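Since the structure of chain A is provided, determine the placement of chain B on it from the hints.
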Amino acid sequence: MQKPDAQREKILDLLEHAGGVTEESVRQVSEDTGVPEADIWGTGKFYSLIDTPGKRTRVCDGLSCQLAGADELAASITDSGKACERVSCLGQCDLAIATLTEEMELKTYTKKETSITPDDPELAINLAGPVDLSYSALKKSISMGAEAVIKEIEVSGLQGRGGAGFPAHIKWKALRSQNETERYVICNADEAEPGTFKDRETILRQPHKMLEGLAIAAAMIETSEIYIYIRGEYGNEYDSINRAIEEAQTQLAQFNFTVVRGHGAYICGEETALLESLEGKRGMPRLKPPFPTEAGFRGKPSLIHNVETIACVPSIIHRGGQHFKDLGRTEAGSKLYCISGHIESPGVYELPLGVTLDELVEAAGGYTGTPLAFSPGGASSGFLPISMRALPLDYKNLAEAGSMMGSSGVVVLNDTVDMAQAAGWQLEFFERESCGQCAPCRIGSRYLRRQNDAYLKLGDPIAFEHADDVAWEMEEGSICGLGMVAAKPLDSARKHFPDHFKTK
Amino acid sequence: MSDSFHIKLDGKSVSASSGETVFEVAKREGVEIPTLCHDTRLEPVGACRVCLVEVAGQRRLQPGCAWVVTPDMEIQTQSDRIERHRKVLYNLYKSDHDLDDARLPLETGNGNQLRELCQTVPDMNLAPVEAPRSDRPMDDNPYIQFEPDLCILCARCTRYCDEVEAVNAITLSNRGSATTIATAGQRSLIDTTCELCGGCIDTCPTGALIEKKAPKNLVQLGGTESVRSTCNFCGVGCQLNLHVQNERVVKVTSPEPGETLNDGNLCVKGRFAYDFIHHKDRITEPLIRDANGDLQPATWEEAIAATSAGLNRVREKYGSDALGFISSSRCTGEENYLMQKVARAAFGTNNVHQCAAT
Numbered sequence: 096m097q098k099p100d101a102q103r104e105k106i107l108d109l110l111e112h113a114g115g116v117t118e119e120s121v122r123q124v125s126e127d128t129g130v131p132e133a134d135i136w137g138t139g140k141f142y143s144l145i146d147t148p149g150k151r152t153r154v155c156d157g158l159s160c161q162l163a164g165a166d167e168l169a170a171s172i173t174d175s176g177k178a179c180e181r182v183s184c185l186g187q188c189d190l191a192i193a194t195l196t197e198e199m200e201l202k203t204y205t206k207k208e209t210s211i212t213p214d215d216p217e218l219a220i221n222l223a224g225p226v227d228l229s230y231s232a233l234k235k236s237i238s239m240g241a242e243a244v245i246k247e248i249e250v251s252g253l254q255g256r257g258g259a260g261f262p263a264h265i266k267w268k269a270l271r272s273q274n275e276t277e278r279y280v281i282c283n284a285d286e287a288e289p290g291t292f293k294d295r296e297t298i299l300r301q302p303h304k305m306l307e308g309l310a311i312a313a314a315m316i317e318t319s320e321i322y323i324y325i326r327g328e329y330g331n332e333y334d335s336i337n338r339a340i341e342e343a344q345t346q347l348a349q350f351n352f353t354v355v356r357g358h359g360a361y362i363c364g365e366e367t368a369l370l371e372s373l374e375g376k377r378g379m380p381r382l383k384p385p386f387p388t389e390a391g392f393r394g395k396p397s398l399i400h401n402v403e404t405i406a407c408v409p410s411i412i413h414r415g416g417q418h419f420k421d422l423g424r425t426e427a428g429s430k431l432y433c434i435s436g437h438i439e440s441p442g443v444y445e446l447p448l449g450v451t452l453d454e455l456v457e458a459a460g461g462y463t464g465t466p467l468a469f470s471p472g473g474a475s476s477g478f479l480p481i482s483m484r485a486l487p488l489d490y491k492n493l494a495e496a497g498s499m500m501g502s503s504g505v506v507v508l509n510d511t512v513d514m515a516q517a518a519g520w521q522l523e524f525f526e527r528e529s530c531g532q533c534a535p536c537r538i539g540s541r542y543l544r545r546q547n548d549a550y551l552k553l554g555d556p557i558a559f560e561h562a563d564d565v566a567w568e569m570e571e572g573s574i575c576g577l578g579m580v581a582a583k584p585l586d587s588a589r590k591h592f593p594d595h596f597k598t599k
Numbered sequence: 527m528s529d530s531f532h533i534k535l536d537g538k539s540v541s542a543s544s545g546e547t548v549f550e551v552a553k554r555e556g557v558e559i560p561t562l563c564h565d566t567r568l569e570p571v572g573a574c575r576v577c578l579v580e581v582a583g584q585r586r587l588q589p590g591c592a593w594v595v596t597p598d599m600e601i602q603t604q605s606d607r608i609e610r611h612r613k614v615l616y617n618l619y620k621s622d623h624d625l626d627d628a629r630l631p632l633e634t635g636n637g638n639q640l641r642e643l644c645q646t647v648p649d650m651n652l653a654p655v656e657a658p659r660s661d662r663p664m665d666d667n668p669y670i671q672f673e674p675d676l677c678i679l680c681a682r683c684t685r686y687c688d689e690v691e692a693v694n695a696i697t698l699s700n701r702g703s704a705t706t707i708a709t710a711g712q713r714s715l716i717d718t719t720c721e722l723c724g725g726c727i728d729t730c731p732t733g734a735l736i737e738k739k740a741p742k743n744l745v746q747l748g749g750t751e752s753v754r755s756t757c758n759f760c761g762v763g764c765q766l767n768l769h770v771q772n773e774r775v776v777k778v779t780s781p782e783p784g785e786t787l788n789d790g791n792l793c794v795k796g797r798f799a800y801d802f803i804h805h806k807d808r809i810t811e812p813l814i815r816d817a818n819g820d821l822q823p824a825t826w827e828e829a830i831a832a833t834s835a836g837l838n839r840v841r842e843k844y845g846s847d848a849l850g851f852i853s854s855s856r857c858t859g860e861e862n863y864l865m866q867k868v869a870r871a872a873f874g875t876n877n878v879h880q881c882a883a884t
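Residue numbers (the numbering used here), protein chains in the order written: chain A, 96 to 599; chain B, 527 to 884.
No wet-lab data here; the hints were simulated from the structure. Note that this is a predicted model, so its numbers are computed, not measured. All C-beta atoms in this analysis are idealised placements derived from N, C-alpha and C, irrespective of residue type, glycine included. Please note that the accuracy of each hint is not assured.
What the hints assert, rightly or not - Facing chain A, from chain B, some residues (calculated, C-beta under 8 Å):
no. : residue
1   : H532
2   : L578
3   : Y619
4   : T697
5   : T705
6   : T756
This is chain A alone, in the form it adopts within the complex (with noise of 0.2 Å):
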């Protein structure tokens, strides 16, 4: 029980400047803060970014990257003599393999640059065009008023693009209907999802779109108060940021920004963790209800949207939320996929919502090789027979066919790889990223990345005995979304190549 003037928000920041967590640093960070010490411990060592002190070069273990060769890369930075961790994705799949040097810098390999779609200004968040530094959807948000603006985002059909496909209007309207004035709105930048970095060009190319949508939502949920949580590997991506408000602190004197690190933890894009995180503590997901909106960040009811969201808000209010609907082909909007993996061109593509994966890759320059398996919408979708190539890439239809659309980060895969062995590499995300609260997760998913190693060494399918049954259960029993879809991979691998987990 800490007391009552405690600075706990400021606890992580205050590890990381010390250089991380040691007897020493808690101590001070305790006598700085008033938190109870074993609290600044416990909650420094969930976070892989402050919790053992040192210098070493990160390397990147996400899909794309162990397709490009990450393993012989670590392997040489190990042989040189030189410290290397392997993290999680760092976002950077279409620049694979990607590191971060001793001194956080971003480092990749790789002769490509991202690709993204030509300036297009019918679409809704068009990277590739101008930058508008006009803030006119928020002046005209503003003299609509609330109701109106949130009925042209009911009208647009606009789903949360994080991976929930939540329809945005329902949270506003919620955030409205609350007793409570001390409201936030939050923006989700958290993006860790392997495959994804559709939010990290977003916040580089058109970080004003994604400041307009925060400042529109806050002037419509009548709040001034507006927090940005962003991954703390994005280190370009926390200064371009840094660098918008900046330039528009005319047009957003009413609002006041901060800009919150994360501190290396997968599970804090899930949007309770998140809080969680914010509030300086383990990122942990909360039990739900109460959600969020109704009683969020500091217990007070809170608007989280993904940057990809909240950047498509500007554009609504522009042109009309039925213009923003009929980008879209199966359902609304234009979208930005994530393409990388066994593919010509890897980059950030926003093409009408439902496209097929063979629109998507010939957007992408083509398949390299001969395509066996995509992952449509990062590790948590698992994988899909090429077969499925002409699915409807959209919310629906992949949850129908036991996947999802998920943060659409896209991974192709040829006929060159092992099913199992991607499995492998999913399952050890999973393992590593599990917050470690609730049994189904925390055991399950080391239970079957234990499992399919072993079938990855012995070559015998019994491994896989009770995968079904610990997999149900991962899902059925698991509190927050990761647990629910972190045998995935392995099941969905199991499902559609069973050729891959035969006898060896």
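Below, chain B alone, put in the same frame as chain A:
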């Protein structure tokens, strides 16, 4: 003010009040919902997942310990789905737990509720996951031992330390399968804010926290006789259960939370300082020094007479204010009252004090 309404529990209409959880209603109705992470003194966290039930209209299973009932809610505590959930969950716990030869969770002197639960489901024989949970091998505190391979990370101990004792000596640390119970810097508990109250041991459902002093095989030895007593280390009046084996106290616990004024809690003295009971140097009768200065057994009448004679001697020679009376913090309020009465009324001095007053 709480509204009263009806809900359906396993098809039966039962009454409930607003603010109540499924677990509370079920308990009152005699419907048992198993749980490991729940302690009535703590905020529910729904972390162990043992108490998941089906709530009509909810796609997912929900934790009974935290789910608040509303009018006409329909709850199912038994179904094929719940049965499968419990079977796989308990077996997952087993794959992450020290087991005995019968492939059941090991039982320490502090019992293991997981063992009881595992006996209700078939064994899936899942391979052990060998979680890298660290312990504190250097922790040389005299009372509390942590066995990481018996820990299920329900966090009752850390939450108790925080929410009830407000001490915050222990914490969940690390992440994922490496999650463990730690102190800052993994220091010994005596080098932390820990007050060694042992409440963490008491709330631990699986015996991962053990009393170093108590026999390790207390449960296996067969039941101890439990003797209710009142702690005499201070005047609060905490109730104790003395666990007696072969006429010796081998462990002290509190009655269940909610039953007595100490609400399941004890302090370091009440829980651990019972060695004096059987100590060879313990004074069990009044003693008076003889002419040589050696202590000799006496009756209470003789002892009280010797004391009053000594006090009166001083008073007659030097006056009342040459006397001073100090009572012990172990005395009750009534005893303290009597002590000042002796000082003021019997000996005529205001020199009276109580050791806990400074």
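- Task: Just pull the numbers of the violated hints for me, sorted ascending.
- Result: 1, 6
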